[in-house]
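In order, the protein sequences belong to chains A and B.
Take 122 as the starting number for the first sequence in our numbering and just add one per residue.
Take 122 as the starting number for the second sequence in our numbering and just add one per residue.
Hints listed in this document are in silico derivations from the structure and should not be mistaken for laboratory results.
Among the hints, erroneous ones may be present.
For chains that are exact copies, the list does not tell them apart, and a pair is met inside one copy or across any two.
To be verified - Here are the computed lysine to aspartate or glutamate pairs in the DMTMM-like style, where the Cα-Cα straight-line distance is at most 25 Å:
1. LYS352 / GLU333
2. LYS352 / GLU321
3. LYS325 / GLU205
4. LYS361 / GLU179
5. LYS407 / GLU333
6. LYS352 / GLU314
7. LYS352 / GLU139
8. LYS178 / GLU378
9. LYS352 / ASP365
10. LYS175 / GLU438
11. LYS232 / ASP278
12. LYS407 / ASP190
13. LYS401 / GLU209
14. LYS361 / ASP268
15. LYS401 / ASP371
16. LYS304 / GLU333
17. LYS407 / ASP268
18. LYS352 / GLU209
19. LYS407 / GLU321
20. LYS364 / GLU220
21. LYS352 / ASP190
22. LYS325 / ASP411
2 protein chains.
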Amino acid sequence: MAMNSDRAIQARGNTLGEIAAAMQAAGSVLLFPHSSMDGDTLGSSVALCLALRKAGKEAFVVIDEEIPDMINFVDYGCCTRSLEMIAEPELCVCVDCGELHRLNDRGALFKSGKSRMCIDHHVSTMPAFEWNYIDPAASATAEIVYDIVTLLGTGFDRQISEAIYAGIVTDTGKFQYSNTTQKTHIITASLYEYGLVPSELSIKIYQSVSREKMMLEASIISTMELVAGGKVAVASMTQKMLKDSGAKPDDTDGVVERLRNVRGVEVAVLVRERRDGRIKVSLRSKQSVDVAAFSAARGGGGHVRAAGYTADSSLEEVKAGLIADLEALIAAGY
Amino acid sequence: MAMNSDRAIQARGNTLGEIAAAMQAAGSVLLFPHSSMDGDTLGSSVALCLALRKAGKEAFVVIDEEIPDMINFVDYGCCTRSLEMIAEPELCVCVDCGELHRLNDRGALFKSGKSRMCIDHHVSTMPAFEWNYIDPAASATAEIVYDIVTLLGTGFDRQISEAIYAGIVTDTGKFQYSNTTQKTHIITASLYEYGLVPSELSIKIYQSVSREKMMLEASIISTMELVAGGKVAVASMTQKMLKDSGAKPDDTDGVVERLRNVRGVEVAVLVRERRDGRIKVSLRSKQSVDVAAFSAARGGGGHVRAAGYTADSSLEEVKAGLIADLEALIAAGY
């Protein structure tokens, strides 16, 4: 099977060989997942940490927050909240991001490394350190990590393959997003060689939703309205709904994507009342509407298919305004 | 990468080579998906039909019901509801099932074939026709069809690859169920060679939920109770809820699986009031409880992780009874 032949052209920064050689040359390595950890930043960091330890390095994944429930099995003794595990790290690696502000209070430790590296797949990330490898064609940073581990020559094992899989399955939305490629499936197939049992991980990742989140989702979805001839779905969450459900604010994750699943809907919107009274608007589009531009015009930002902004009037006013704006947008043929 | 080496041993009936040769020898072939069509029975039938036409055969997929919305793009001019497309079919193939009662009124036409064949992956299916190939190690019948199309030598194209993918992605629950294997991913990777764009199919299959179904799901989930120390989730649907939502009875598909996604839940139960007043109970288990045995003891049946039965008292009585029974089962350590 032919691999994605233009991948090397699209990747920015060093070659993968240079990246692996730089890791081989370091005696101690700290890995830094971005804040608001997801499966890819954590899985990629942990997989690299495990491989580097197998290669005889001193290595840790430095975090500064609780690991989210759905991926808290992806630790394998790698994660630490201490900033003092390695006094003078030879190499510090920013994983799945390239901006120091996403490391919060870990930024100074990152900078203290003898050299610094970025491994990422986000198209917006710029090479900013001594070593950089940014491949927007990779579905997940974990795909890049798979190639690096291969080059390190330490071999894969069950834990490394699980950490890589956790990154891939979450960043591709179970292989459904358009970032999924032939290589994604080839890598996943090869991970089976090392004892990976994806269905067991699936239970940990996707079948561990809290009761409170499930109830909050149901109450939000029950507020759904279809407007603009069914092309726009709008739902909302008040602070009272959040309180009544007992859920956490970030338990709304994934709800706006579910609204988008409605047939005929091109734009899904979730309007949330924040604790400070401000209104958070999250937008998702299915195939055509540029919600990043829509959000940017309102002081927000994001990706073409996933964006948002924050507003300062009442929930009802914000909702009415954006419905009018989206109806006009749809009527104009976007 | 090593393939699943014991697959040939586990498959029952003829060899794949004999199956392909029998198809090559037939001038006309009718394919029969089972009733209550799903992505695998339809995708497998259509992929075979397209390949057989490429091989110069007269071929049709004979159906007797509407194609469900989420897979109605998997037709490609193959499906017919006429029982008279081919007067004397040389070969009739039962796809993804092996029991004639699942063909409803198409049974007589199936039997009229000069010879008959079964292609299936269900462990319970027995070789019953002149030609049989039953491989329970295949995640989907579409995986077997991939191998048959390879042996037919007609080559794949975009439509064949889409039909096979539709079978695989739906029967594996987006590659999450335990039936998913290394081979599943290897096949999927190879389908990219023929123009498959899975994310486009994903929108058709998974992002076309009716508004009515979405609202019914939310109202059912809002009835969820956790009992047996959180190990059992029970939700219910009355006829009034169904009517108020405007949804169809089969729009409850998938809801009981969502209940199972709650953390700590081992058994999820959906209790539905049917139009005739009878009560339909659907059970799903996560890792240990044998819900097939539980259901069989109540006159129903199914698989170890997915089963159900029908009862004849009121919804509240049925619910109270099964909660008591499941609490006892959980207390007894299953």
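Quick rundown of the hints versus the structure:
{"no.": "1", "hint": "LYS352 / GLU333", "result": "between (29 Å within a copy, 15 Å between copies)"}
{"no.": "2", "hint": "LYS352 / GLU321", "result": "between (37 Å within a copy, 18 Å between copies)"}
{"no.": "3", "hint": "LYS325 / GLU205", "result": "neither (31 Å within a copy, 51 Å between copies)"}
{"no.": "4", "hint": "LYS361 / GLU179", "result": "neither (48 Å within a copy, 63 Å between copies)"}
{"no.": "5", "hint": "LYS407 / GLU333", "result": "between (28 Å within a copy, 19 Å between copies)"}
{"no.": "6", "hint": "LYS352 / GLU314", "result": "neither (45 Å within a copy, 34 Å between copies)"}
{"no.": "7", "hint": "LYS352 / GLU139", "result": "neither (48 Å within a copy, 51 Å between copies)"}
{"no.": "8", "hint": "LYS178 / GLU378", "result": "neither (41 Å within a copy, 44 Å between copies)"}
{"no.": "9", "hint": "LYS352 / ASP365", "result": "between (30 Å within a copy, 22 Å between copies)"}
{"no.": "10", "hint": "LYS175 / GLU438", "result": "neither (57 Å within a copy, 59 Å between copies)"}
{"no.": "11", "hint": "LYS232 / ASP278", "result": "neither (31 Å within a copy, 52 Å between copies)"}
{"no.": "12", "hint": "LYS407 / ASP190", "result": "between (28 Å within a copy, 18 Å between copies)"}
{"no.": "13", "hint": "LYS401 / GLU209", "result": "neither (41 Å within a copy, 65 Å between copies)"}
{"no.": "14", "hint": "LYS361 / ASP268", "result": "neither (48 Å within a copy, 55 Å between copies)"}
{"no.": "15", "hint": "LYS401 / ASP371", "result": "within (12 Å within a copy, 35 Å between copies)"}
{"no.": "16", "hint": "LYS304 / GLU333", "result": "neither (37 Å within a copy, 38 Å between copies)"}
{"no.": "17", "hint": "LYS407 / ASP268", "result": "neither (31 Å within a copy, 34 Å between copies)"}
{"no.": "18", "hint": "LYS352 / GLU209", "result": "neither (55 Å within a copy, 48 Å between copies)"}
{"no.": "19", "hint": "LYS407 / GLU321", "result": "between (30 Å within a copy, 10 Å between copies)"}
{"no.": "20", "hint": "LYS364 / GLU220", "result": "neither (34 Å within a copy, 52 Å between copies)"}
{"no.": "21", "hint": "LYS352 / ASP190", "result": "between (34 Å within a copy, 18 Å between copies)"}
{"no.": "22", "hint": "LYS325 / ASP411", "result": "between (34 Å within a copy, 20 Å between copies)"}
Violated hints for the displayed structure, listed by number in ascending order: 3, 4, 6, 7, 8, 10, 11, 13, 14, 16, 17, 18 and 20.
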